[in-house]
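Enquirer: Take a look at the letters that make up each chain.
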Amino acid sequence: MAKSIFIDTTRCTACRGCQVACKQWHDHEAVPTKQTGTHQNPPDLTPNNFKLVRFSEHKIDGHVHWLFFPDQCRHCLQPACKATADMYVEDAIVVDEATGIVVCTEKTKELTKDQCDEIIDSCPYNIPRRNEISGELVKCDMCIDRVQAGLVPMCVKSCCTGAMSFGEREDMLIKAKLRLTEAQAEIERPKSELETKIACDVHKSCTILDEEDLGVIYFLEMPREMYHQYAGREIKPLNRADFLAGLAKPFKNMLG
Amino acid sequence: MTQHWIDIKNANAVLIMGSNAAEHHPISFKWVLKAKDAGAKVIHVDPKFSRTSARSDLHVPLRSGTDIAFLGGMVKYILENDLIQKEYVAEYTNAAFILGDGYTFEDGLFSGFDPATGKYDKTTWAFAKDEKGVPLRDKTLQNPRCVYQLLKKHYDRYNLDRVSSITGVSKENLLIVYETYSATGKPDKAGTMMYALGWTQHSVGCQNIRLGCMIQLLLGNIGVAGGGVNALRGEPNVQGSTDHALLWHILPGYHAVPTTAWPTLTDYLKANTPVTNDPKSLNWWGNRPKYVVSLLKGWFGDNATAENEFGYGLLPKAEPGVDYASMFQFDRMYEGKIKGGMIFGHNPAVSMPNTHKIRAALKNLDWLVVGEVHDTETASFWRNPSEDPKKIKTEVFLLPSCQRGEKDGTTSNSGRWHQWHHKGYEPAGESRSMGWMLVEIGKRVRALYEKEKGAFPEGLLSHTWPKEYNADEMARMINGVFTRDVTIKDKTYKKGDQVPSFPSLQADGSTTSLNWLYCGCYPEAGKNLAKRRDLTQTPMQAKLGLFPSYTWAWPVNRRILYNRASVDPKGNPFNPELPVILWEGGKWIGDIPDGGAPPMAEEKGTYPFIMQSEGHGHLFGPGRVDGPFPEHYEPAETPIAKNPFSSRMNNPCMKVAKSDMDLLAKPADPKYPIVLTTYSLTEHWCGGGDTRNTPYLLEAEPQQYVEMSHELAAEKGIKNGDVVVVESIRGKVEAIAMVTVRIVPFQVEGKTVHLIGMPFCFGWTTPGVGDATNRLTPSVGDPNTTIPEYKACLVNIRKADKVTELSV
Chain G
348 MAKSIFIDTT
358 RCTACRGCQV
368 ACKQWHDHEA
378 VPTKQTGTHQ
388 NPPDLTPNNF
398 KLVRFSEHKI
408 DGHVHWLFFP
418 DQCRHCLQPA
428 CKATADMYVE
438 DAIVVDEATG
448 IVVCTEKTKE
458 LTKDQCDEII
468 DSCPYNIPRR
478 NEISGELVKC
488 DMCIDRVQAG
498 LVPMCVKSCC
508 TGAMSFGERE
518 DMLIKAKLRL
528 TEAQAEIERP
538 KSELETKIAC
548 DVHKSCTILD
558 EEDLGVIYFL
568 EMPREMYHQY
578 AGREIKPLNR
588 ADFLAGLAKP
598 FKNMLG
Chain E
5 MTQHWIDIKN
15 ANAVLIMGSN
25 AAEHHPISFK
35 WVLKAKDAGA
45 KVIHVDPKFS
55 RTSARSDLHV
65 PLRSGTDIAF
75 LGGMVKYILE
85 NDLIQKEYVA
95 EYTNAAFILG
105 DGYTFEDGLF
115 SGFDPATGKY
125 DKTTWAFAKD
135 EKGVPLRDKT
145 LQNPRCVYQL
155 LKKHYDRYNL
165 DRVSSITGVS
175 KENLLIVYET
185 YSATGKPDKA
195 GTMMYALGWT
205 QHSVGCQNIR
215 LGCMIQLLLG
225 NIGVAGGGVN
235 ALRGEPNVQG
245 STDHALLWHI
255 LPGYHAVPTT
265 AWPTLTDYLK
275 ANTPVTNDPK
285 SLNWWGNRPK
295 YVVSLLKGWF
305 GDNATAENEF
315 GYGLLPKAEP
325 GVDYASMFQF
335 DRMYEGKIKG
345 GMIFGHNPAV
355 SMPNTHKIRA
365 ALKNLDWLVV
375 GEVHDTETAS
385 FWRNPSEDPK
395 KIKTEVFLLP
405 SCQRGEKDGT
415 TSNSGRWHQW
425 HHKGYEPAGE
435 SRSMGWMLVE
445 IGKRVRALYE
455 KEKGAFPEGL
465 LSHTWPKEYN
475 ADEMARMING
485 VFTRDVTIKD
495 KTYKKGDQVP
505 SFPSLQADGS
515 TTSLNWLYCG
525 CYPEAGKNLA
535 KRRDLTQTPM
545 QAKLGLFPSY
555 TWAWPVNRRI
565 LYNRASVDPK
575 GNPFNPELPV
585 ILWEGGKWIG
595 DIPDGGAPPM
605 AEEKGTYPFI
615 MQSEGHGHLF
625 GPGRVDGPFP
635 EHYEPAETPI
645 AKNPFSSRMN
655 NPCMKVAKSD
665 MDLLAKPADP
675 KYPIVLTTYS
685 LTEHWCGGGD
695 TRNTPYLLEA
705 EPQQYVEMSH
715 ELAAEKGIKN
725 GDVVVVESIR
735 GKVEAIAMVT
745 VRIVPFQVEG
755 KTVHLIGMPF
765 CFGWTTPGVG
775 DATNRLTPSV
785 GDPNTTIPEY
795 KACLVNIRKA
805 DKVTELSV
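Protein chains in written order, with this note's numbering: chain G, 348 to 603; chain E, 5 to 812.
One chain only, chain G, in its complex shape (with noise of 0.2 Å):
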């Protein structure tokens, strides 16, 4: 049965426990960084950072929104990485069958590097990144290993807010909605004077990213550009892949 994490952006406080805790189990590298005027860092995704924390602040008529995305690959049912990558080195990225993990596997050695930056170009939310000392494309791996085992995956595990949950897509699926159904009731329940001075309805747009096509699904509160430029994708994965697989068919057939 296909497996899915959903993460409620409302809950998370930023701790950077997923980011370090998902580190800590893949044994990485800690990566030099600067303080550059941000609380995120690494600034951006690399080889040694499957998750990474964003944060984006905003002011608002005298209001501050200050927006956590917990970024990670959104194990796309479809996945772009991989039918760009099936028409270099076949099954360097597979998808689980069991679960729906989409999974950078050691063949990716095999890619060259401008083959690596084509995946990484295909993918909506420019995610997996190239190991220059190996040669692999990486990305989260949703903790596979852990899930064949019956454990849920390290971020997961480690959210102790409970932004994070684990398990059957179905059941991910109706959780996010159940959310999105409180919000928007939450912001249409007629508030007394004091309630809307605290509220800050006027600005929310709660929405599911993308949930149809995703094995990760996210639920924001504000508008998604707000969180990070790939937050939500600006092109259908489906047709995308479509494209691609169209591509892909002759050269196969070429290969018999």
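Treat the hints with caution; some may be incorrect.
[What the hints assert, rightly or not] The calculated DSS-like cross-link candidates involving lysine-lysine, where the alpha carbons are at most 30 Å apart (straight line), are: (1) 34(E) with 551(G); (2) 522(G) with 34(E); (3) 381(G) with 806(E); (4) 455(E) with 321(E); (5) 547(E) with 524(G); (6) 126(E) with 136(E); (7) 38(E) with 406(G); (8) 38(E) with 538(G); (9) 40(E) with 538(G); (10) 40(E) with 522(G); (11) 547(E) with 522(G); (12) 538(G) with 547(E); (13) 524(G) with 34(E); (14) 381(G) with 504(G); (15) 646(E) with 662(E); (16) 406(G) with 40(E); (17) 522(G) with 38(E); (18) 284(E) with 608(E); (19) 175(E) with 538(G); (20) 504(G) with 38(E); (21) 499(E) with 294(E); (22) 133(E) with 143(E); (23) 175(E) with 544(G); (24) 495(E) with 531(E); (25) 455(E) with 343(E); (26) 38(E) with 551(G); (27) 175(E) with 551(G); (28) 720(E) with 381(G); (29) 524(G) with 38(E); (30) 531(E) with 498(E); (31) 547(E) with 38(E).
Keep in mind that the hints were calculated from the coordinates and are not lab data.
For chain G, the structure is supplied; the task is to place chain E on it using the hints.
Expert: Showing chain E alone in chain G's frame:
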């Protein structure tokens, strides 16, 4: 905390003030969010908008150092709008008590102040008493000399205009907070206050907390589910540390340290054992002799006898009036009066105020023993980049300490839960636990005393001393044992049996206990209750999230303190939907009651606030040294020229170190017009020794920064990411500018006051990350605790022309 972490979910309103709970107690926010799920309003009052504010319903920016003005305004609002929980206030607090004629308050001073000593004689703060010595009361609260009326008078000056002007909080925001929070004054509503170092680290720190307590008493929020005054304690087991008396001025279990003014045990017990003549007051500190004697018996074993006052004469005595707190220890060290010592798990060369002075003081030592997990700025003070090691005579012994996960032991969380943790790993290399270090050092020093005699060998040799450190045995001894066969009621305990609970502790030497609060945590052999992980609850307990069988809480596994105040004098819960205790079939069910007596209104009933000698919650609080009612004073360094509340600018009793390195900026000093507040981070602990050496954490927060508003940045020509220099009258610090919408300028007393904030965890032993922020902060402290005023001082800021402390 009077409550525990889970109970926060039961609140109808959460006031987070003097705390950045989401960042420094991340797991606590799970419970705050659950309260929010249930409809609670979460309000964060704090100088900057932080990760806590992002998850709160409302953030109210407040100038650092003005909490008393803010809360005083709330008291005035509550009283004027008659929002007190009437029955609770009249019956359970000292609102009705009548003050003697001598008590006055005039222009910032209470009666009894001696300007020569900077101290109060508290005689005039006493209540008027009847012939039995019981305080006189007017439960109608009308008598002009009753506490309620004097309270009203005291906070009359805290009107919206004055409070807004001094705090920089808009009147609109003041009213939003006051109205939202005081709605919890209804008997079936509860509000919780979560606070931490944003309240304590001020020269008026204790009074900040007192005022929070007073508001909770006025609103009937103590003893009830979802209420309480909740101190969020520090990660390095601060709760356990204070319980077991890491601080100089107390003995384990919160007894005063003996002084030369009390040469005998009889003197000590007489001065420190309160007495009441009211039969309904349990006056629990009246039991102090049993706890002190049991402590002495635990320390000196068979060497403690009734004839020698259980060894009291062997204890070192402090000189009355001398302050032995760290700030003054370092002062004496700076003057060359201290030859050597031990610093364990502490990095004063980064975490103490006026760090230039601290680093200078360390150079005067002949020897220093440091117990640490990593090398720190303190252990390596002699090779500080600005020093020449050849000129420093100190011999430093660095003892490698193992990590918490490498040893058995306990931590006590903020909710007083005493929790066992199991050793998961063998200690790396030659590192050892500090328990092991202290036992070994003690053994060898004792052997030297035995061999060489020397001055006063019995001081150490009379102590019982373990052959080796064993955490389980320590837990047993903290609980305590019987020293001979004892029969209590109809049960006979044998010599060596563990004491079941502290009501069984005696003042005759028949019991030991190294901390009465924890007596009952290990009541029998094999029953270390700190190890319990049982989630069983009755339905009533489950509603509260009480989890009474999960670990063990002091005292006597009571999870919500003062819970007799959660029912009315007849025993009916003020909130029938969420009772904490219920009187059923002649006993209380639910939580462990704060005294098992019948409801207060019955003949044998008792008052709820058992730790106060008169059994009532203190609205008028004569216990603190700087006044019975909190009063607004400015921080030692203030950006304004005049205090609008009185002609006393600062706390008249404030502690101040006075060496040549202890300079203070004058009020409204034009050279230093900006307020600096300092704080911790989620990603780094305290002085940073542990976390700067944890690569994944340093990756997430790599270097010293300073948060400032866009307005201040524009004024100074500073852009986000620029290297800047922050300077106070005591020193300067390089930092990376973090220009943010989350900090706003304050309008204070007719002018713009800017505030900036800096973390204090960075130190030079980690190359290129910056060095101690505390080189900026002053050596001034709260007069009750001497906790330094880290949260407000004066600085200026400019772009750096050269960069020496940071790699850019």
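Enquirer: Now tell me if each hint is right for this structure.
Expert: Going through the hints against the structure:
1. 34(E) with 551(G): 23 Å, holds
2. 522(G) with 34(E): 18 Å, holds
3. 381(G) with 806(E): 18 Å, holds
4. 455(E) with 321(E): 26 Å, holds
5. 547(E) with 524(G): Given pair residue 547(E), residue 524(G) holds - Cα atoms ~27 Å apart, limit 30 Å.
6. 126(E) with 136(E): Between residue 126(E) and residue 136(E) the Cα gap is close to 21 Å, so the pair holds against 30 Å.
7. 38(E) with 406(G): 27 Å, holds
8. 38(E) with 538(G): 20 Å, holds
9. 40(E) with 538(G): Roughly 16 Å separates the two Cα atoms, so the pair holds.
10. 40(E) with 522(G): 18 Å, holds
11. 547(E) with 522(G): 24 Å, holds
12. 538(G) with 547(E): 27 Å, holds
13. 524(G) with 34(E): 21 Å, holds
14. 381(G) with 504(G): Measuring from Cα to Cα gives roughly 28 Å; hence the hint holds.
15. 646(E) with 662(E): Holds. Residue 646(E) to residue 662(E) sits at ~23 Å (cutoff 30 Å).
16. 406(G) with 40(E): Distance of about 23 Å is within 30 Å: holds.
17. 522(G) with 38(E): 16 Å, holds
18. 284(E) with 608(E): 7 Å, holds
19. 175(E) with 538(G): 22 Å, holds
20. 504(G) with 38(E): Within the cut-off at roughly 18 Å; holds.
21. 499(E) with 294(E): Distance ~18 Å between residue 499(E) and residue 294(E) Cα, so the pair holds.
22. 133(E) with 143(E): 15 Å, holds
23. 175(E) with 544(G): 13 Å, holds
24. 495(E) with 531(E): 19 Å, holds
25. 455(E) with 343(E): Distance ~24 Å between residue 455(E) and residue 343(E) Cα, so the pair holds.
26. 38(E) with 551(G): It holds: about 21 Å lies between the C-alpha atoms, which stays within 30 Å.
27. 175(E) with 551(G): Distance ~26 Å between residue 175(E) and residue 551(G) Cα, so the pair holds.
28. 720(E) with 381(G): The given pair, whose Cα atoms are some 23 Å apart, holds under the 30 Å limit.
29. 524(G) with 38(E): 19 Å, holds
30. 531(E) with 498(E): 17 Å, holds
31. 547(E) with 38(E): Holds, because 13 Å separates the two Cα atoms, which is no more than 30 Å.
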